[in-house]
Amino acid sequence: MPDAIKKLPPLVRHLIAIVVIGAALMAVNGFVEGPKFGQYRESILIFCGINIVLAVALNIVNGFTGQFSLGHIGFYAIGAYVTAAFSTYGHARFFPGLPIDGSSPSIAHEIVPVFVLTTVAGLAAAAAGLVVGLPSLRLRGDYLAIITLGFAQIIQVIIRNIKAVDGATSFNGITRGDTTILTPHLTNFLWVYVAVAVILWVAYSLRFSTHGLAFLAVRDDEIAAESMGINTTRYKVIAFLISAYFTGVAGSLFALYLPSLSNDQFSFVRSIDILVMVVLGGLGSISGVTIAAVLLTTLPEVLRSVDEYRLVIYPLLLILLMLTRPQGIFGRDEVSKTWLKGQWGALRGVFRKPSPSVPLPPG
Amino acid sequence: MHQFTEQLLFGIQLGSIYALIALGYTMVYGVLKLINFAHGDVYMVGAYGGLGAAFLVGTWLPSHHIFTAGLPSPIGAVLVLLCAMAICALLGLVIEQAAYRPLRTRAWIAPAIVLGAAAAYIAYSIAADANRNPASCVAIALIVWGAIAWILKTSQSRRTATVSPRLTALITAIGVSLFLENFANLKSIFTPDPRFFPTIVNIPDPARHIPRTVSVLGVDVSLETMLIFGLSLALMAILTFIVTRTKIGKAIRAVSYDADAAALMGINTDRVISFTFMLGAVLAGAAGVMVTSLTGTAINPYIGVPFGLKAFVAAVIGGIGNIPGATLGGLIMGIAEIMVVAYGSYIGVPDTYRDAVAFFLLILILLVRPSGLLGKFAPEKV
Chain G
1 MPDAIKKLPP LVRHLIAIVV IGAALMAVNG FVEGPKFGQY RESILIFCGI
51 NIVLAVALNI VNGFTGQFSL GHIGFYAIGA YVTAAFSTYG HARFFPGLPI
101 DGSSPSIAHE IVPVFVLTTV AGLAAAAAGL VVGLPSLRLR GDYLAIITLG
151 FAQIIQVIIR NIKAVDGATS FNGITRGDTT ILTPHLTNFL WVYVAVAVIL
201 WVAYSLRFST HGLAFLAVRD DEIAAESMGI NTTRYKVIAF LISAYFTGVA
251 GSLFALYLPS LSNDQFSFVR SIDILVMVVL GGLGSISGVT IAAVLLTTLP
301 EVLRSVDEYR LVIYPLLLIL LMLTRPQGIF GRDEVSKTWL KGQWGALRGV
351 FRKPSPSVPL PPG
Chain B
1 MHQFTEQLLF GIQLGSIYAL IALGYTMVYG VLKLINFAHG DVYMVGAYGG
51 LGAAFLVGTW LPSHHIFTAG LPSPIGAVLV LLCAMAICAL LGLVIEQAAY
101 RPLRTRAWIA PAIVLGAAAA YIAYSIAADA NRNPASCVAI ALIVWGAIAW
151 ILKTSQSRRT ATVSPRLTAL ITAIGVSLFL ENFANLKSIF TPDPRFFPTI
201 VNIPDPARHI PRTVSVLGVD VSLETMLIFG LSLALMAILT FIVTRTKIGK
251 AIRAVSYDAD AAALMGINTD RVISFTFMLG AVLAGAAGVM VTSLTGTAIN
301 PYIGVPFGLK AFVAAVIGGI GNIPGATLGG LIMGIAEIMV VAYGSYIGVP
351 DTYRDAVAFF LLILILLVRP SGLLGKFAPE KV
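Quick note, the sequences are listed as chains G and B, same order. Counting from 1, position 9 in the first sequence corresponds to residue 9 in our numbering; the numbering is continuous, with no gaps. Counting from 1, position 269 in the second sequence corresponds to residue 269 in our numbering; the numbering is continuous, with no gaps.
These are calculated hints, taken from the structure and not from any lab test. Being a predicted model, the structure only gives us computed values, none of them experimental. Even glycine gets a Cβ: it sits at the ideal position worked out from N, Cα and C. Be aware that one or more of the hints could be misleading.
Computed beta-carbon distance windows for the label pairs [unchecked claim]:
1. Pro135(G) - Pro306(B): 21 to 29 Å
2. Lys337(G) - Leu90(B): 22 to 30 Å
3. Val138(B) - Asn161(G): 48 to 56 Å
4. Val94(B) - Ala24(G): 49 to 57 Å
5. Pro306(B) - Arg138(G): 49 to 57 Å
Starting from the given sequences, assemble the full structure and let the hints guide the process.
Here it is, written out as structure tokens:
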């Protein structure tokens with residue numbers, strides 16, 4: 001690396017890296033598969049991105065602070081429905097120039113609506129996160145898991161009862177006069193990539209900062225952390241808010257991609273999907289969770305021909321994983337050069353003959 | 001007032017079922033500190049087991065003409081119930097041995113047998129769906145089985161725990177639950193089609209002038225309701241007897257109080273834990289048969305989910321780990337749910353919110369009493 005780049009502040013370096021990687025991916029998107037990547041492949045990429053955002057966000061709560069939340073699907077639903085409602089009912093007022101069918105002529109046309117919609121969705125989800133987090137973070141372990149699960153179920157039942165977004169059926173937008181106002185289909189590879197870059201940057205900055213150490217302290221031993229002067233409640237709420245915000249953003253991107261929203265896309269099973277990504281990657285490992293999210297999003301596509309068995313293979317893998325490697329594929333480690341070296345050594349250890357055990361001397 | 005009593009009795013009927021399932025959650029939590037998320041699915045397997053038993057009984061004991069319009073035999077009904085309970089006991093044992101015990105003791109044989117068999121079955125089905133020849137299907141299945149056994153054997157000896165064992169157990173339980181549901185949902189197992197119980201207890205019998213209802217507190221109560229309530233009460237009484245009066249019950253209480261000390265006193269804790277699982281599973285299985293046969297609800301692979309979730313909430317409301325608490329919590333949940341359906345619209349809560357009521361109650365009670373109504377609060381020791 002040239003010295004000139006090394007001397008730059010970390011934020012600028014990260015931005016350069018993000019732009020370079022993004023440009024490379026765009027180039028792949030543009031050139032390898034002809035003019036377009038193909039809608040099917042692009043949709044897989046987009047869902048990979050959304051799942052990365054979800055999994056890394058959940059990892060901030062479950063992996064960093066060790067607070068077990070089963071309720072993030074509720075924030076996801078809030079993000080999605082807030083976006084859908086906002087863009088449907090406020091389309092004419094807020095985005096007058098934007099065509100409703102997603103045929104936006106340029107990035108400049110998209111940048112404001114995407115930014116506004118994801119921010120609003122994220123803030124709504126974070127507000128809900130505050131409502132959930134403040135009372136329930138008094139509880140620990142299993143009880144927290146139960147109460148967050150309860151909140152997610154309540155959010156789902158409430159959405160099902162809101163007539164304005166057709167909660168009980170699927171939300172397709174509304175008809176005014178002779179046109180149907182739909183959610184603009186704004187999510188594309190670029191915006192998902194930006195969201196992934198932002199969440200990864202936020203997660204890394206959090207993890208390797210003083211606050212990050214406080215998170216880890218809360219995870220490892222809450223009482224010890226408390227006695228060292230760490231305000232554990234504050235850190236738990238912070239983690240919950242950040243996590244809920246990005247989960248809402250992911251929901252927003254999801255809503256902006258699909259032509260309609262339905263309530264069963266936000267069920268308990270989807271919550272488990274994300275949890276599996278986090279656990280498979282390794283609670284606390286950002287790179288591990290990212291890799292797991294990509295793996296588990298593409299795996300069903302690979303298994304498309306045996307779709308019926310996908311839902312059986314999933315839990316079986318989960319049980320097997322817990323029995324053999326409860327810390328996840330990558331444990332708490334980040335994938336790095338030293339990590340790869342260590343893994344290589346461990347792999348050689350597996351296949352090497354175990355050294356004969358020395359019997360204890362008598363007496 | 002008349003209508004209110006009627007609704008109250010409905011609530012008690014539903015509540016006694018919740019209580020029956022909640023007892024399984026609470027006992028397992030009491031001895032193992034594990035939320036057994038798969039418990040609701042044991043209820044589902046119990047319903048299917050009862051259904052299968054009903055067909056077998058109908059085939060083997062035609063003199064009891066279980067499916068005819070006449071009076072089905074009470075012996076047949078009891079046999080069906082006992083069969084379902086036995087199947088669930090076996091299932092509880094297998095779940096504990098294959099999924100939860102290895103987390104505690106690093107055994108690998110039981111999970112290698114069960115998980116390997118399941119994985120081999122799935123591999124075989126996938127290969128068969130792809131129209132391969134049978135020999136290669138079997139070969140693929142065996143390879144998958146061997147691979148899983150090898151992975152389990154090698155990893156169990158060199159495992160280092162860095163994640164809280166509680167978390168690991170919770171995720172495993174979720175995995176077992178999802179596995180049971182989706183495995184039952186496969187076309188080659190139970191299929192997603194809803195099924196209905198044949199009439200095994202045909203109470204209104206005009207030939208013998210048995211009335212359809214009995215009068216309680218001036219309200220006509222159907223005999224099905226009475227039967228559900230009575231059977232639940234009897235099962236709970238038996239459970240209380242086992243836990244408080246027998247030797248194994250004493251061992252369960254000892255393990256629940258302090259597992260390590262109990263082991264030092266010569267109690268085989270693993271056997272006690274297995275027995276607790278079987279006891280809970282038996283109750284869930286009985287509940288499954290009772291609900292689906294007496295109220296005529298459809299059976300499908302996902303029926304255990306709402307019941308399991310609500311019964312679990314009931315256990316938490318009453319104070320998880322506490323047996324009277326589970327009964328109390330179950331009754332509260334059942335009555336609250338029925339009351340919301342019956343009277344909620346008067347206070348602006350439409351009955352579409354009935355599923356949210358359980359969780360709303362849960363949050364409310366946990367915020368006031370973090371360890372449930374009858375649970376005792378244990379401050380964390382350093």
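Verification of the supplied hints:
1. For the pair proline 135(G) and proline 306(B), the supplied restraint of 21 to 29 Å holds, since their beta-carbon distance comes to about 25 Å.
2. Between lysine 337(G) and leucine 90(B), the C-beta spacing of about 51 Å breaks the proposed range 22 to 30 Å.
3. Range check, valine 138(B) to asparagine 161(G): Cβ separation about 52 Å, and the 48 to 56 Å hint holds.
4. Distance hint check for valine 94(B) and alanine 24(G): the Cβ-Cβ separation is about 51 Å, which falls inside the suggested range of 49 to 57 Å.
5. Evaluation of the 49 to 57 Å hint for proline 306(B) and arginine 138(G) yields a failure: the beta carbon distance comes to about 27 Å.
In this structure, the hints that do not hold are numbers 2 and 5, in rising order.
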